[in-house]
Amino acid sequence: MGRSRCSTEPKREFAHSLETLTLTLEDVSSIRKVLSCAELDLHCRDRGRFALLDNGKLCFSCQQTKFSLFSRPRTCRLCCRCVCSQCCTKVQLPDKKLSHVPVYALGWSVDPKDPPLHTRNGLSLAGLGPLWAGAAAWVWASLCRDCSQLLDTVVTRSHSSARLLHRA
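Residue 168, in the numbering used here, is where the sequence shown stops; the numbers in between run on with no holes.
Among the hints, a few may not be true.
Unchecked claim - Straight-line distance between alpha carbons at most 30 Å, and here's what the computed DSBU-like set of lysine-lysine pairs gives:
id: 1; residue 1: LYS90; residue 2: LYS66
id: 2; residue 1: LYS33; residue 2: LYS66
id: 3; residue 1: LYS33; residue 2: LYS90
Bear in mind the hints are in silico, worked out from the structure with no lab data behind them.
Can you build the whole structure from these sequences, using the hints too?
Spelled out as structure tokens, the structure:
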């Protein structure tokens with residue numbers, strides 16, 4: 001009898017931590033901005049590459065595509081870095097107030113024109129739509145590869161944590 005009580009205690013603590021430590025899209029955006037600044041600092045020795053990356057003249061993800069008058073960059077909605085079309089995917093995000101949208105309430109909705117985005121573990125992100133009805137308008141936003149992987153990881157883990165919470 002004491003054993004079953006001990007096994008439910010960690011679940012309750014886990015449930016409480018899940019409820020109190022929810023990330024918003026603004027939090028994820030801040031994390032990615034700090035990480036991209038750290039990545040940019042790695043290139044400070046090569047002044048030419050640093051200047052191209054800092055001024056948005058070179059793709060921040062692949063660092064191979066240079067932008068010109070005819071090849072324009074896309075700006076990532078979360079980290080605000082310039083990326084090429086190959087390193088970018090379109091997802092539906094709320095139009096405004098990223099600070100009010102909890103990440104666990106999101107699902108993925110990939111632009112039907114683009115091929116489905118696959119993560120490291122092979123899960124397809126297509127077919128899921130926004131689950132949070134509190135946002136007034138959803139828009140197609142460009143996300144770089146790194147931001148979409150981070151957001152995918154956070155959403156996937158949040159959903160699996162929520163499933164564990166509801167089982168308890």
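So if I understand the rule, the pair passes when the alpha-carbon distance is 30 Å or less; does LYS33 with LYS90 pass?
Holds, at about 19 Å.
30 Å Cα cutoff - pair LYS90, LYS66
21 Å, holds
Hint check: LYS33 vs LYS66, CA-CA at most 30 Å. Holds or violated?
21 Å, holds
When held up to the earlier numbered hints, the structure conflicts with none and fits them all.
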